[in-house]
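Asks: Dock chains B and C against the given chain A, drawing on the hints supplied.
As a plain string of letters, each chain reads:
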Amino acid sequence: MKRAFIAILSFILLLPIYQASEISTLEADGDVGYRQVELIWSTDSPTQEGTIFQIWMSNETIIETINATMHSQVTVGNTSGLIQPEIGEWYDDCTYNFGDGKWIPVYRDLDGTAVVPSETIGVNCTLTGIPPGIEIYLAVMVINPSNESILSPSISSSSTSSDEEIIVIETSPYIFAIGSIALSVIILLFILRWMDYREGKTTSRFAHIYIAPAILALSVLTFYPVLYGIWLSFTNADQSYLGDQSIIGIENFITVISTSGFFRVTGFTLLWSIVNVAAHIGFGLLLAMALNSNDLRGRSAYRTALLLPWAIPSYISVLVWRGLYEPAGALNDFLGTDLNLLADPNGARIVVILVNIWLGIPFMMMSISGALQALPKDMYEAAEVDGINKFSRFFYLTLPNLKSALVPLSLLGFIWTFNMFNVIYLMTDGGPNLDFDGPGSTDILITYVYDVAFREGAYGVAAAWSVVIFLMLVVFSWTYMKKTNATEAVT
Amino acid sequence: MVSVSFRNVTKQYENGFTAVNELNLEINDGEFLVLLGPSGCGKSTTLRMLAGLEDISKGEISIGSAKVNDLPPGARGIGMVFQSYALYPHMSVEDNLSFGLKMMKGEGRKSDDEVSILIAETAAMLGLSEELQKKPKQLSGGQRQRVALGRALIKRPRVLLMDEPLSNLDAELRQQMRVEIRRLHDELGMTTVYVTHDQIEAMTLADRIAVLNEGELQQHGPPMEVYRNPTNQFIEGFLCAHLNEIVDTANALFGGEEE
Amino acid sequence: MIGSEKSLSPVFHDDLASRWYIPAEVESLRSLYPIVVMINFVSLAIFILREDQDLIFSSSMQIVVSLVILLLLYKLDQGQRFIRDGVIAISGLSLLLCVLQFLSGPQIIIDYWMLGWSLFPSLFAIYSVSKPIVTLWASGNQTTRSAELGLYRNRSVNRFHGKVFRHVALTHAVAFVVLPILWILDVALSPGNSLGGGFFDSVTMEHFNHILSSESFWIWTRNSVIVSIGTTILGLALAIPAGYAFSRFKFRGRDYAMFSFLLVQMFPGVIILVPYFLVMKALGLLNTSVGLILAYSVTALPLCVWMLKGFFDTVPKELEEAALVDGCNQNNVFWRIILPLSLPAVAVTALFSFLAAWNEFLLALTFNTSEEMYTLPVGLASLISSTGQAWGDFAAASLLVSLPVVVLFVIFQRFLIEGLSAGGVKG
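Protein chains in written order, with the working numbering: chain A, 1 to 491; chain B, 1 to 259; chain C, 1 to 427.
For reference, chain A alone in the conformation it holds in the complex:
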């Protein structure tokens, strides 16, 4: 009796070790994107280390794996030391959970295979590369540590054949708005023309007609979208109910301000802009001065070479720099180091700033060059006679006189840099991310707006962000102009 009891007890205790996991649920969703199918499964018991999930697909119901193709696998194993890429960083996005509904991104080993820790119950993979437009069958096979393999029943799905969104929105309100704007502009122009005609100014008989097409284009294609954008920011327009949106007051703005990371992304955008503009002008000034002497041999060759960052299309330059900064890229070869700057938030920030500095110097150099040449030459001679040394001449004569040119230039540079999308998007896409819901560590305001609008589809909120950005710029420009008395007429 006692022996039987111990036997049964040990069997029960040891049962989990021998218990083989089986797939208990399996779902598939083909509407997640072009050639993509989302596959979700869960096991009946927590998986143990050494279990392997294999994803199989076929044109017919999968009874055996002989007439099917294996798409990919997920192993259950030790995840320490493995990378854990963010959603969207890998082509097959996979997440796992422990049965609690909280999905966590999987780990990837050196071969790129997904690895999940033991005790995993559910796995959700977005499979890519699925032939589109036809019905396919998917099944998951569990290979337990004991090498016992159990195949789940297959489930059918079909991925979408095109990546256009299925949503249709009504065209007529827009046509109406555009039409009315166009009409009002034309009427306005005619009124102005008539008023001029009445006062007998014959030289301008055609003036309004000449500017009409340009002004029309401007109103319809710029002012209208701006107004529309402002209106949008007060609605709950979203990817899912566009055309149906309703005005929700300033709720979007509250969402904007209460986004976690709002201050972080604004702060980084400011830091990004200020450091960049300072460097652009500083180096631009130095280079302009170096190029300013007349008996410099090879002057135009130097200048042409230094213009290259401006001449080369910026997206190409940025991508090239990205390659350079990759761990396998030339930077490490060049410096003899072993850095992976783009994977570290602070390193990535430094990198993107450096790249933008590289891009922006030539324009400043040329503009300052022009301003330098416009400076009166004889005041320098008077200063020489006055006994002023070279450094003081630069500091007390050149700089103050350049101020009138540097102020609008720096403002322009600030606004351009503030909204410089290409560099951040193409270098790091805002990553490496610190959290999922908000801006990443190298996001600036507009790259984050792009994510909100086109990755989350929250058009109303994105419009609100845009308005906030614009207001920030207006306030900044205004105070900057006031502070530097830029409106003061110079000579």
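Among the hints, a few may not be true.
Calculated cross-link-like contacts (lysine-lysine; reagent style DSBU-like; alpha-carbon spacing at most 30 Å) [unchecked claim]:
(1) B:K105 with A:K483
(2) B:K58 with B:K102
(3) B:K137 with A:K377
(4) A:K483 with B:K110
(5) B:K110 with A:K482
(6) A:K377 with B:K134
(7) A:K403 with A:K377
(8) B:K102 with C:K75
(9) A:K390 with C:K75
(10) B:K110 with A:K390
(11) B:K134 with A:K403
(12) B:K102 with A:K483
(13) A:K390 with B:K102
(14) A:K403 with A:K483
(15) A:K390 with B:K135
(16) A:K390 with B:K134
(17) A:K2 with A:K102
(18) C:K163 with A:K403
(19) A:K403 with B:K58
(20) C:K131 with C:K75
(21) C:K131 with B:K105
Which chain A residues face chain C? A few, computed with CB under 8 Å, are given here [to be verified]:
(22) M70
(23) L218
(24) A305
(25) F334
FYI, nobody ran anything at the bench for these hints, they're computed from the structure.
From a predicted model like this one, the values you see are computed outputs, not experimental measurements.
Where is the CB? At the ideal position from N, CA and C, for every residue including glycine.
Replies: Structure of chains B and C alone, referenced to chain A:
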């Protein structure tokens, strides 16, 4: 205060063009010397070599007993008035006057009080006391010229150099300033070297004139002496004939009543 | 008023030359060493990143030594011979540090660069400061005569040093600029998709062949060409009359109209991205060329109007007035006389519109999301998206796309600067 001497001074450019050729000239202590000549004769170049704004190809220039050939302009103890005034456009009149003073280092350095006194005195001397806070663009041509003059004088230089300072002024102002400049020279007593192409200016201002043509010194001496005894044909034509013409015209117009 | 001012005038000595003379070498060294110190800091940073303890230590020592030399150089003056000797000694120390640092031998280019910037300044310091001319000055035995000679000599030495310095500085700047370009050339010509390896180890044309024979590349090119040409034509059609009107006519609303063009320049494009996208979507203009053409034309419009107006301002009014007197009406004047005259300016404006559209990334990315409608920028970027790292092909494509752009830009940059500065910088 000091004499200035040019010994065999030559200025030759890289392309072979000789602007000034073997100039030998002594300027006496406290003298008002006018360098007179047509455009391109090398007078401005000579002045600039004296100032240190141009390199000397050959020869020697001395201020006092010191050879100043390659000394920087600021070391030579000179003040200079440019034809275009060359004021510091972003500074007030007061700062324009005192910039050089404030930047001085070493034993010549003045205290703030001394600087203020000098500014006040120089401004009063030139009638600029009301304009001290204005910027150059707010001044008239004559006023700007006086600021330029003030800037040159504020350090009480040993030698004052002027490069056609009155050319940009209208006739009446020119007359006024001529008198002013001469008066200042008499009061302050510094050696003055004045460049012009205007014969009348030369005759009325100079203690001595030196006539140049094509880089060569033609003749020098007190104005009336040169006028009466020209040593070559160029001077006859450029100076004497020109002046005679003016006198004749004036006589014809006023019929014996002229000044 | 003010009598003889001898008491107020600055004190002048007759040995001016000896008071003012500083050998050019010393002046140059004083300007050089701050830069040497900065570069030493950069070297230190690199060694820290490399985590090489020995080099970190010796590099820090080098910084200290350079700072000491700099201090001594500024204290150096006539009659301070021992300071001069100190400079020589400490520069020698610096040399020694140099040698020790690189006993293991420099391995890569940057090591040579760091070595050069430690070696040459020390050598130059020792060499110049021990020259007889400097010795004479430092030991206080300078006579006025020798000072005058020294001043004369300074002229040419300073000029020479200045030239060398300028060239060195500019060369560094050019190297910084050109590095990515050389690298991308290497990647384009190297087999496979590896990003590293030696420069120009093995050269192959495989990427160029691959790209040129790839269908997608030509699709992208076709799209870009259509969009760019369309933008140019539409943009010019809108901008030429407008620029002319602003230049020649005074009419009610002129200032407001000009201001609105300026204002639009200030709207950063991204602000209106979302509404733009939705409007295009509603009108069915997403994934078309027309949509992009419309968007680009309007973006380029203010700049084109500005440049053309600036040009028209320079055409003398007398020409038109003569034609008007001859019986042409205003329209004729515009079409028959002004337009032909302005062909060069129109050509330059057209070129820049074309380039602006050709290089634009964000709107193309947002509007044209289907692969067949990708323009070149989006297409090239897709070569290195996270799903495929075709660096070799990307490099080849980049070079093919950039080269004509760069050449055109370089040839015409002068006109752009003139056009921009005609109104822009002076505000």
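Asks: Against this structure, judge whether each hint is valid.
Replies: Results for each hint:
1. Restraint check for K105 of chain B and K483 of chain A: not satisfied, since their Cα atoms lie roughly 34 Å apart, outside the 30 Å limit.
2. Simply put, K58 of chain B and K102 of chain B have alpha-carbon atoms about 35 Å apart, too far for the 30 Å limit, and the pair is violated.
3. A threshold of 30 Å between alpha carbons decides the hint, and for K137 of chain B with K377 of chain A the separation of about 17 Å falls inside it, so the pair holds.
4. A hinted pair counts as satisfied when its Cα atoms are at most 30 Å apart, and K483 of chain A with K110 of chain B does not qualify at roughly 34 Å.
5. Between the alpha carbons of K110 of chain B and K482 of chain A the distance comes to roughly 37 Å, so the proposed pair goes past 30 Å and is violated.
6. Restraint check for K377 of chain A and K134 of chain B: satisfied, since their Cα atoms lie roughly 22 Å apart, inside the 30 Å limit.
7. Distance restraint check for K403 of chain A and K377 of chain A: the Cα-Cα separation of roughly 17 Å lies within the 30 Å cut-off, and the hinted pair is therefore satisfied.
8. Distance restraint check for K102 of chain B and K75 of chain C: the Cα-Cα separation of roughly 24 Å lies within the 30 Å cut-off, and the hinted pair is therefore satisfied.
9. At most 30 Å may separate the alpha-carbon atoms for a hinted pair to count; K390 of chain A and K75 of chain C meet this at roughly 20 Å.
10. Distance restraint check for K110 of chain B and K390 of chain A: the Cα-Cα separation of roughly 21 Å lies within the 30 Å cut-off, and the hinted pair is therefore satisfied.
11. A threshold of 30 Å between alpha carbons decides the hint, and for K134 of chain B with K403 of chain A the separation of about 19 Å falls inside it, so the pair holds.
12. A C-alpha spacing of about 28 Å is found between K102 of chain B and K483 of chain A, which places the hinted pair at or below 30 Å, so the restraint holds.
13. Our distance criterion of 30 Å between C-alpha atoms is met by K390 of chain A and K102 of chain B, whose separation comes to about 16 Å.
14. Taking the CA atoms of K403 of chain A and K483 of chain A, the gap is about 13 Å. The hint holds against a cut of 30 Å.
15. Restraint check: the Cα-Cα separation between K390 of chain A and K135 of chain B comes to about 24 Å, which is no more than 30 Å; the hinted pair holds.
16. A distance of roughly 26 Å separates the Cα atoms of K390 of chain A and K134 of chain B; the hinted pair therefore holds under the 30 Å criterion.
17. In summary, the hint linking K2 of chain A to K102 of chain A is not supported, as the alpha carbons are separated by about 44 Å, beyond the 30 Å threshold.
18. This hinted pair checks out: K163 of chain C and K403 of chain A have alpha carbons roughly 28 Å apart, not beyond 30 Å.
19. Between K403 of chain A and K58 of chain B the alpha-carbon distance is near 42 Å, which puts this suggested pair outside the 30 Å criterion.
20. Of the pairs offered as hints, the one joining K131 of chain C and K75 of chain C holds, with about 18 Å between alpha carbons and a cut-off of 30 Å not exceeded.
21. Restraint check: the Cα-Cα separation between K131 of chain C and K105 of chain B comes to about 29 Å, which is no more than 30 Å; the hinted pair holds.
22. The restraint placing M70 of chain A at the interface with chain C is violated, with a minimum CB-CB distance near 20 Å, outside the 8 Å limit.
23. A least Cβ separation of about 6 Å between L218 of chain A and chain C falls short of the 8 Å threshold, and the interface hint therefore holds.
24. Contact between A305 of chain A and chain C, as hinted, is supported at the beta carbon level, the nearest pair being about 5 Å apart and thus within 8 Å.
25. Hint status for F334 of chain A relative to chain C: holds, with the closest Cβ pair at about 6 Å, below 8 Å.
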